[in-house]
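Go ahead and model the full structure; you've got the sequences and the hints to work with.
As you go down the protein sequences, you meet chains V and U in turn.
First residue of the first sequence: 550, per my numbering; consecutive thereafter.
First residue of the second sequence: 20, per my numbering; consecutive thereafter.
Check the hints yourself; a few may be wrong.
Cβ-Cβ distance ranges computed for the label pairs, FRET-style [unchecked claim]:
1. V:Asp-625 to U:Lys-235: 49 to 57 Å
2. U:Asn-205 to V:Tyr-645: 51 to 59 Å
3. V:Ile-618 to U:Leu-256: 49 to 57 Å
4. V:Tyr-645 to U:Lys-23: 38 to 46 Å
5. U:Gly-224 to V:Glu-637: 31 to 39 Å
6. V:Asp-589 to U:Glu-221: 33 to 41 Å
7. V:Glu-627 to U:Asp-254: 41 to 49 Å
Note that these hints are calculated values from the structure, not bench results.
We put the beta carbon where it would ideally sit given N, CA and C, even for glycine.
Chain by chain, the residues run as shown.
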Amino acid sequence: MALLTKETILSALKEVNDPELPISLIDMGMIYGVEVDGGDVNITMTMTATGCPAIDFIKEDILEKLEAIDGVSSVDIEVVWSPAWTKEMLTEDGVYALKALGIAV
Amino acid sequence: MAEKVKETLPKGTEDEFKSLLLAISDTKLLLGYHFGEWTFRTPSLESGIATCNFAQDELGHVRLFHGLLKNHSNETDATLIHERQAENYNSISCLNSSISSWLELITFSAVIDGGVTILLESMSDSSFRPLRERVEKILQEEKFHSDYTDAWVVALANDGNGSSEMVGDVFKKAVPVFASWLNKLNASNLIEAGVLKTSLEETLGNSFTKFEALIKKAGLDLPDPEEMASDDSSDFLQFPQEEIIYSLRGEKNEVFRV
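Pasting the structure below:
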């Protein structure tokens, strides 16, 4: 069995989109940290808004994606609010994707 | 030496913390309710989108504070929402019943949401990390509420047809009930422990300064806020209407669940 790495997790998260926009959570800048300890994965992330109605969906999508990876035994997701998300946290790909959708950033 | 930031509530502050956060949450819950109710009655499509967004924000803020109360005050969804009775709410009284006009909604929001935000600012450098981190995000969102409602107050006050007097009348109702609500809170232990950085008296003074600036910007002919606060002859319900509590619990929407 291949060793589980942080890069594997980040690569998988690149395929999990914000449910309201076809942009990955990575490119949205919502993933603040990834720790891998054996098969245990800890994700620290934020939401763009406190009233985000999709919090549970986002967590479920992350769990579904990561738990399907060979070697992952547990996934813990901690949602934090500091630093508060701003559009400056978008990656370059995220900025292009939003512009392509007609959203000014 | 820098003050140590704590992950747990300092001893002796638990009761004040619970009362304070409940009072803020109750007020924000009611604000969220009214913004939601007004989403389809606004003067423009853009206003509807804004009020819908504000409703979402206010309910999001309640979610963050309820999370703190669940983690640090042994509260549960049952005690916070489902089994909570109207007489246990500590919302600011002008929000306890339906709001009759867009002008009233906007002016109440400018005063109440604006005043509560001043109170939250005194937590932005709190010694209690879970609180300060949540407040950082809340203040980021509240900036938009303040910009929006203040702009509307100025526009409405200059709309002619007696609108200036009407906005002034709502100010005269809202400022005293905000001051009365704040004056009844107790935070001496929280201030001593650094959970709050500003006394409630100072927060009230800062709120008056904010209201005064808005009154001036809107060109309203009103007494200064401190003087307005001393005349609480308003006749609002002490507790939220049962119909509102019923809606807030989500029971009204149970029938739509699959």
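Each hint tested on the structure:
1. Judged by the Cβ atoms, the range 49 to 57 Å given for V:Asp-625 and U:Lys-235 holds: they are separated by roughly 51 Å.
2. One distance hint, 51 to 59 Å for the beta-carbon pair U:Asn-205 and V:Tyr-645, holds here, with the actual separation near 52 Å.
3. Here the CB-CB span from V:Ile-618 to U:Leu-256 is close to 55 Å, well matched to the stated 49 to 57 Å.
4. The hinted window of 38 to 46 Å between V:Tyr-645 and U:Lys-23 holds, with their beta carbons roughly 43 Å apart.
5. The beta-carbon spacing between U:Gly-224 and V:Glu-637, approximately 34 Å, falls within the hinted interval of 31 to 39 Å.
6. Between V:Asp-589 and U:Glu-221 the beta carbon distance is about 47 Å. The supplied range of 33 to 41 Å is therefore violated.
7. Between V:Glu-627 and U:Asp-254 the CB atoms are about 47 Å apart, so this pair conforms to the stated range of 41 to 49 Å.
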